[in-house]
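In order, the protein sequences belong to chains S and U. The numbers in UniProt numbering rise by one with no breaks, and the one at position 225 of the first sequence is 225. The numbers in UniProt numbering rise by one with no breaks, and the one at position 320 of the second sequence is 320.
Derived from the structure by calculation, the hints contain no laboratory data. Warning: the hint list may mix true and false statements.
[What the hints assert, rightly or not] Okay, the calculated bits of chain S under chain U, using three or more residues with CB under 8 Å as the criterion:
#	segment
1	43-57
2	134-143
3	326-333
All C-beta atoms, glycine included, are put in the ideal place defined by N, C-alpha and C.
2 protein chains.
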Amino acid sequence: MADLPFDLADVRLAAAAWSRIVESPDPAAGALVAELGPGAALDWLCTVADGRHDAGDPRWRQAVERWAPRLHRLDVRRELDVLDRLGGTLVVPGDERWPGGLDDLGAERPFALWIRGDPAVLRRRGVAVVGARAATSYGQHVAAELAGGIAEAGLSVVSGGAYGIDASAHRGALAVDGTTTAFLAGGIDRLYPAGNAALLESVAKAGAVASEVPPGSVPTRNRFLARNRLIAAISASTVVVEAAWRSGALSTAGHAAALSRPVGAVPGPVTSMASAGCHRLMREQSAVCVTDAQEALELAGGAGEHLPDGRAAPLGLLDGLDQVASRVLDALPARGSAPVANVARAAGLSVAEVRSALGRLDLDGRVGRDGSRWRRRRGQS
Amino acid sequence: MADLPFDLADVRLAAAAWSRIVESPDPAAGALVAELGPGAALDWLCTVADGRHDAGDPRWRQAVERWAPRLHRLDVRRELDVLDRLGGTLVVPGDERWPGGLDDLGAERPFALWIRGDPAVLRRRGVAVVGARAATSYGQHVAAELAGGIAEAGLSVVSGGAYGIDASAHRGALAVDGTTTAFLAGGIDRLYPAGNAALLESVAKAGAVASEVPPGSVPTRNRFLARNRLIAAISASTVVVEAAWRSGALSTAGHAAALSRPVGAVPGPVTSMASAGCHRLMREQSAVCVTDAQEALELAGGAGEHLPDGRAAPLGLLDGLDQVASRVLDALPARGSAPVANVARAAGLSVAEVRSALGRLDLDGRVGRDGSRWRRRRGQS
Numbered sequence: 001m002a003d004l005p006f007d008l009a010d011v012r013l014a015a016a017a018w019s020r021i022v023e024s025p026d027p028a029a030g031a032l033v034a035e036l037g038p039g040a041a042l043d044w045l046c047t048v049a050d051g052r053h054d055a056g057d058p059r060w061r062q063a064v065e066r067w068a069p070r071l072h073r074l075d076v077r078r079e080l081d082v083l084d085r086l087g088g089t090l091v092v093p094g095d096e097r098w099p100g101g102l103d104d105l106g107a108e109r110p111f112a113l114w115i116r117g118d119p120a121v122l123r124r125r126g127v128a129v130v131g132a133r134a135a136t137s138y139g140q141h142v143a144a145e146l147a148g149g150i151a152e153a154g155l156s157v158v159s160g161g162a163y164g165i166d167a168s169a170h171r172g173a174l175a176v177d178g179t180t181t182a183f184l185a186g187g188i189d190r191l192y193p194a195g196n197a198a199l200l201e202s203v204a205k206a207g208a209v210a211s212e213v214p215p216g217s218v219p220t221r222n223r224f225l226a227r228n229r230l231i232a233a234i235s236a237s238t239v240v241v242e243a244a245w246r247s248g249a250l251s252t253a254g255h256a257a258a259l260s261r262p263v264g265a266v267p268g269p270v271t272s273m274a275s276a277g278c279h280r281l282m283r284e285q286s287a288v289c290v291t292d293a294q295e296a297l298e299l300a301g302g303a304g305e306h307l308p309d310g311r312a313a314p315l316g317l318l319d320g321l322d323q324v325a326s327r328v329l330d331a332l333p334a335r336g337s338a339p340v341a342n343v344a345r346a347a348g349l350s351v352a353e354v355r356s357a358l359g360r361l362d363l364d365g366r367v368g369r370d371g372s373r374w375r376r377r378r379g380q381s
Numbered sequence: 001m002a003d004l005p006f007d008l009a010d011v012r013l014a015a016a017a018w019s020r021i022v023e024s025p026d027p028a029a030g031a032l033v034a035e036l037g038p039g040a041a042l043d044w045l046c047t048v049a050d051g052r053h054d055a056g057d058p059r060w061r062q063a064v065e066r067w068a069p070r071l072h073r074l075d076v077r078r079e080l081d082v083l084d085r086l087g088g089t090l091v092v093p094g095d096e097r098w099p100g101g102l103d104d105l106g107a108e109r110p111f112a113l114w115i116r117g118d119p120a121v122l123r124r125r126g127v128a129v130v131g132a133r134a135a136t137s138y139g140q141h142v143a144a145e146l147a148g149g150i151a152e153a154g155l156s157v158v159s160g161g162a163y164g165i166d167a168s169a170h171r172g173a174l175a176v177d178g179t180t181t182a183f184l185a186g187g188i189d190r191l192y193p194a195g196n197a198a199l200l201e202s203v204a205k206a207g208a209v210a211s212e213v214p215p216g217s218v219p220t221r222n223r224f225l226a227r228n229r230l231i232a233a234i235s236a237s238t239v240v241v242e243a244a245w246r247s248g249a250l251s252t253a254g255h256a257a258a259l260s261r262p263v264g265a266v267p268g269p270v271t272s273m274a275s276a277g278c279h280r281l282m283r284e285q286s287a288v289c290v291t292d293a294q295e296a297l298e299l300a301g302g303a304g305e306h307l308p309d310g311r312a313a314p315l316g317l318l319d320g321l322d323q324v325a326s327r328v329l330d331a332l333p334a335r336g337s338a339p340v341a342n343v344a345r346a347a348g349l350s351v352a353e354v355r356s357a358l359g360r361l362d363l364d365g366r367v368g369r370d371g372s373r374w375r376r377r378r379g380q381s
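Bound-form chain S, shown alone (with noise of 0.2 Å):
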C-alpha cells in the first residue's frame, strides 16, 4: 500500500498527508513529525506499514495502526486542487506566514493550515470571541460589541464561525470593516454551517477562514472540539460570551487556559442558563469578568490603553471633599441657616474644625454665611 503517489520530499504536500492522516489531537504524531519532518516520517510510516520495516516500541506500532488506514488510496494532490479552485492557501510549519502562536500547542501543533481568506491575518494579534450556538440575543448583541471594539482597535476577531455568538462576533468585526478569522471543524470547502455560509464568505474576503483538516473532511463532533484547540492557541486571549453549565465554548477556555491565555468570560444574568458556564468560569477557571471590549483588549495584553475610558461619571456632591468637610456639609440644614456651635454638634466635630471646614467649602462656593450663621449654597443639597 505505501509508496505514495506524490514526492515525500516536499515538505508542504507531505505535511498536507499528515493533516489528513491524523485526526488531531495526536501527539504522537506531532512529536514524530517534529522530530523527523513530514516527509521523513512519512516515508517512516509507509516502510512500517506495509512490514518492511518494524515500528519498535509496542506503542510505536499502535500509532501505526491506527494511522495506516488512511494511507491506503492517499493522494493529498487532489485536496490541493480543491484548495486551488478555491484560490485557498496552504501553510504549513516553517513557512513565514506560519502563525507561530500554534507552535505553543507542541506536540499537538497542527500539520498545516488550509486557509481561505489571506494567511497574514491569522498572524495578526487577535482575540477570540466564543459562546453558545444557542445565544440569546442579549448574548448575540455583547458579542458583537466585543467584536466590534477589538477589531476597531485594529486586532483581529477570532471565532468558530457557528452560530449563535461565533457568527455574532464574525458580523461584529466585519461590520466596523476590521479582520475576523473564522476555525472550522471540517474543510474549507464546505462552509458549515451552511446557514452561516455567506457570513463565512465574508469572512474570507474581509480576513480567513482556516482548517487544519483538507477539503473534503466532515466535521465532527470530536474535530469539533479539537478545532478549539487552534481557537485558543492562535489568539493572545480567549473571551466567552454565553455559555451554557457544559458548552463547547468552555473547551477553548480550557485550551487558552492550559496554554496560560488569559480567559475572559461575559457575565449576564444568573436567571439565564445561556450564561452559567461563563459564571462557572470566573468562579472555578478565575476567569476575568470582562464587560466592555476595552476590557477584552486589555485581557489581550495593554492593547485598549489609548481608548478613551468612557465611564468617568460626574463628581456627584461628596466626591472630592475630606471626611470631615463632608460631614459639615452633611449637618448643614437643609433649609435656612445654623450657628457653627449647632453645625458643631451635629457633626460630631469641634467647633475649630467646623469653622476650618466652612472656610474651605466656602471658597469652593459649596456654603455661604448669614453674618455668623452658615447654609448651603443652592444645588448642594
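Please build the complex by placing chain U on the supplied structure of chain S, with the hints as guidance.
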C-alpha cells in the same frame, strides 16, 4: 457643663452616652473607651472639657473639642426611655448578647447597639445581602431568591433596610419565615425610609432592627456610610446584588474585604448600569461571582454543603465515554451501518482500537451489529 445627670459607673448608661457623643467611626474615642472603659472615659472627658484637667497630647485636646459640644445637655436616659417604650434592648460590649463579629472593628467598634426585636438574632451566623436602591426588577428578584435560600439554611440575612435590593433581601428572608437584621443609619425609633416602615416593623418582629446611634438620631449621609461597616462586620460574608459603578453598597464590600470577610457579587447583564458595580468588584476587588444561594452560603463558610445541587445536568451522549469510544461513535454513519475498516478510517484509529471500543459501546447499548457491520442504536444520534 460636665457633671452628667446619671451614674457614670453604670456601664450601659456610659456606653449609651458615648454612642450619643461620638460621630462614628472615631478611632480616638474607640481607643479611649477600650482603654478606660466607658464610664472612666466619660469622666475623663468631662474633667478635660470643663478645664479641670489637661488633655495632654494636642491630638487628645482636639478630640475633646470634637466631643465636647455633645456633652451639653446630654441625658441618655431620655433615649433609653424611648427604647423602653419601643420594647427595645440596649446591648453593649461585654454583654453576653454582644455580637462578637463587631469586635473585629477594633477602635471603630460601636459603643452600643440599640435594638428592636430579638438581640439573639444578631449573634446568629449571617450573610449580608446589600445593593442599590435604584435596583432593577432582575436585581430585586435575585436578592429575594438569595435571601430566601440563605434564611432557609438557617442563617440570618443582614441588610440596610433601604429601598431596592435591601428591602428585597429582607422580604426574601421573611417570605420563608427566616430571620433577618436591618442596620439603620438613624435611630430605631424612626424607621427610615418611611416607605419601608411596615417592612421594618416586620423585620423587628421576625428578627432585629439595630443601630449604633440612639433613638432620635437622624440618618445623615455619613451615618449611612458608617453603618455599612456594621453590616460587613456582623456578617460572615457580604454579597452585593446590584450596584452602580459608584454605589454605597461598594463601601459595605470594602469594609468586608478590609475585615477579611469574603465578598461576593452577583453578575448581571453588562448592558445594565445597575450591575456595573458588581462587575467592578469582581474585576478590581476579586469578589467571588455568586449566582445562587448555595454559592452565597459556600462563601459564608461551607454552610451550604448540605443543600442539594440542582445543577447536575443529564448526561449527554459523549459524557462518560473515553475519547476513543467517542470518536468511534462519531465515525459511525448517522443512518445505516459500516464495516470496522471504514469506521477506523473515518475515526483515524486502528482497527484494533475500533473493535475494542465497539465492544464496549455494544455492552453499553450504544451500538449494535449487523453481521460484520456496525450501526448506532436508536437515540444515539
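>> Closer than 8 Å Cβ to Cβ for three or more residues is the test here. Does the segment 134-143 of chain S pass it with chain U?
In response: Check passed, 3 qualifying residues.
>> Count the residues of the segment 43-57 of chain S whose Cβ falls closer than 8 Å to any Cβ of chain U, and tell me whether that reaches three.
In response: violated (count 0)
> Are there three or more residues in the segment 326-333 of chain S whose C-beta lies closer than 8 Å to some C-beta of chain U?
Replying inline: With 4 residues close enough to chain U, the hint holds.
Checked against the numbered hints listed earlier, the structure breaks hint 1 alone; every other hint is satisfied.
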